[in-house]
Amino acid sequence: MKKIIYTLFCITAFLSVSQAQSNTEKEYTIYGDSKMTTEGVISGKELISLLETQDSAMVKVEGVISEVCSKKGCWMDVNLDGEETLFVRFMDYGFFMPLDAAGTTAIIEGMAKIEMQTVRWLKHKAEDAGETQEVIDAITKPIIAYSISEATGVILK
Amino acid sequence: MRLGLKILVLCIIAYSLFSYQGTTAQNKKESTNYPNKDSELAILMRDLVENTEKVKKQIINGEEIEFFIEFKKLHTAVPTEVNLRDDGLYTAFTESYIYSVKELINTENDKATLYNNMIQSCINCHQQICPGPVKRIRKLKIKK
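Here the protein sequences line up with chains E and R, keeping their order.
1 is the number of the first residue of the first sequence in the numbering used here; add one for each residue after it.
1001 is the number of the first residue of the second sequence in the numbering used here; add one for each residue after it.
Honestly, the hints are just simulated from the structure, not real lab data.
Worth double-checking, as some hints may not be accurate.
Computed footprint of chain R on chain E; a stretch qualifies when at least three of its residues, placed anywhere within it, have a C-beta under 8 Å from a C-beta of chain R [claimed, not checked]:
hint : segment
1    : 71-80
2    : 90-96
3    : 130-142
Capping the alpha-carbon separation at 20 Å, the derived lysine to aspartate or glutamate pairs in EDC-like fashion look like this [to be verified]:
hint : chain 1 : residue 1 : chain 2 : residue 2
4    : R       : K1143     : E       : D92
5    : R       : K1135     : E       : E115
6    : R       : K1054     : E       : D92
7    : E       : K123      : R       : E1081
8    : R       : K1029     : E       : D100
9    : R       : K1111     : R       : E1064
10   : R       : K1029     : E       : E39
11   : E       : K125      : R       : E1064
12   : R       : K1029     : E       : D33
13   : R       : K1037     : E       : D55
14   : R       : K1141     : E       : D81
15   : E       : K123      : R       : D1087
16   : R       : K1028     : E       : E39
17   : R       : K1135     : E       : E27
18   : E       : K71       : R       : E1081
19   : R       : K1056     : E       : D92
20   : R       : K1029     : E       : E27
A few chain E positions that, by computed beta-carbon distances, are all more than 12 Å from chain R [what the hints assert, rightly or not]:
hint : residue
21   : I30
22   : G32
23   : K45
24   : E62
25   : V64
26   : I155
This one's a predicted model, so the numbers in the text were calculated from it and none came from an experiment.
Ideal Cβ placement from N, Cα and C applies to all residues, glycine included.
Chain E with its partners taken away, still in its complex shape (with noise of 0.2 Å):
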């Protein structure tokens, strides 16, 4: 009998610290694919690493949200190393970010390239954006530019 108990104490014991470890990580919060997680995440600078060697890549790429949509958080932006930015946007328009999500570091998941951006896409992001129309009006070439044209899940913390 003292073994038994003996036997449950040890488990109690093991599930109480299981417990206080889990407690102390982070919650996030996760859009998309709802079996996403934290797992295998690059940095945006091995990210830019990545791109170097090959056209696409998938990834979960870890970042600073720099700015979102500002009508209905359809697309955004996300700091990769200080300079370079990641724009992105969400499978089949399946799901959209915060509104006031900026600042937030993001976890990304999705094929990663570097693509090109149309006039008539960057206006319209400037439009969103709550550009003047000063400002729209001066796009006049595309760029190209980091993205993740369908991100699958996004967390984030």
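Use these hints to put chain R onto chain E, whose structure you have.
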């Protein structure tokens, strides 16, 4: 084993399992995929996508097609952009879309082509007014 000890053992097991399961569920917080307040028109568009996916399947399976959307709401639903209807462009595209829906409903032959024409009218509008969902809309086309 005495009854008192049996109850004690069961209580310890129950407590252990309950507290562990509760902890794993707290580690991540699930969320709605649409965290912002959506406009009437945005919600109507989502319903329209759902309806269109069903119509696509009905055409592929040779079944009778069924629209449950009230199309007149496209003219009245409150949009995200308050000035959406000001220049008449949205209204013209909407009329063109509704015409293509009527063509699809009223014509018996080559439903797949008429359906793709209807989807193209959605794409034409979105390319001009709200390009975000264009990729999603293209996926609605029937591949021939």
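Evaluation of the provided hints:
Counting residues of the segment 71-80 of chain E whose C-beta sits closer than 8 Å to any C-beta of chain R gives 5, which meets the bar of three, so the coverage hint holds. By the rule of at least three residues with a Cβ nearer than 8 Å to a Cβ of chain R, the coverage given for the segment 90-96 of chain E holds, with 5 such residues. Interface restraint, the segment 130-142 of chain E with chain R: violated (0 residues with C-beta to C-beta distance below 8 Å; minimum three). Distance restraint check for K1143/R and D92/E: the Cα-Cα separation of roughly 18 Å lies within the 20 Å cut-off, and the hinted pair is therefore satisfied.
As the CA atoms of K1135/R and E115/E are separated by approximately 15 Å, the hinted pair is consistent with the 20 Å bound. For a cut-off of 20 Å, the pair hint linking K1054/R to D92/E stands: about 16 Å separates their Cα positions. With a CA separation close to 16 Å, the supplied pair K123/E and E1081/R stays within the 20 Å bound. Restraint check: the Cα-Cα separation between K1029/R and D100/E comes to about 18 Å, which is no more than 20 Å; the hinted pair holds.
About 10 Å separates the Cα atoms of K1111/R and E1064/R, which keeps this hinted pair within 20 Å; it holds. Pair hint K1029/R plus E39/E holds up; C-alpha atoms about 16 Å apart against a cutoff of 20 Å. Taken as a hint, the K125/E and E1064/R pair is broken in the structure, with Cα atoms around 40 Å apart against an allowance of 20 Å. The suggested pairing of K1029/R with D33/E holds, with an alpha-carbon distance near 13 Å, which does not exceed 20 Å.
Between K1037/R and D55/E the CA atoms are separated by roughly 37 Å; this puts the pair beyond 20 Å, and the hint is violated. Between K1141/R and D81/E the alpha-carbon distance is near 39 Å, which puts this suggested pair outside the 20 Å criterion. Among the hinted pairs, K123/E with D1087/R is consistent with the structure: their alpha-carbon atoms are about 18 Å apart, no more than 20 Å. Straight-line distance between C-alpha atoms of K1028/R and E39/E comes to about 13 Å, which keeps the hinted pair within the 20 Å bound.
With a C-alpha separation of about 33 Å, the suggested pairing of K1135/R with E27/E is violated against the 20 Å cut-off. Restraint check for K71/E and E1081/R: satisfied, since their Cα atoms lie roughly 8 Å apart, inside the 20 Å limit. A hinted pair counts as satisfied when its Cα atoms are at most 20 Å apart, and K1056/R with D92/E qualifies at roughly 17 Å. Distance hint between K1029/R and E27/E is fulfilled; the C-alpha atoms sit about 6 Å from each other, no more than 20 Å.
Remark: the non-interface label on I30/E conflicts with the geometry, its nearest Cβ contact in chain R lying 6 Å away (cut-off 12 Å). Look at G32/E: its CB is around 7 Å from the nearest CB on chain R, not clear of 12 Å, so calling it non-interface is violated. Once the 12 Å rule is applied to beta carbons, K45/E is consistent with being away from chain R; the minimum gap is 26 Å. With a least CB separation of 16 Å from chain R, E62/E remains clear of the 12 Å interface cut-off, as annotated.
Under the 12 Å C-beta cut-off, the non-interface status given to V64/E relative to chain R holds; the minimum distance is some 18 Å. The Cβ of I155/E does not lie farther than 12 Å from every Cβ of chain R; its closest approach is about 8 Å, which violates its non-interface assignment.
Figure legend: structure checked against the earlier numbered hints; hints not met, in rising order: 3, 11, 13, 14, 17, 21, 22 and 26.
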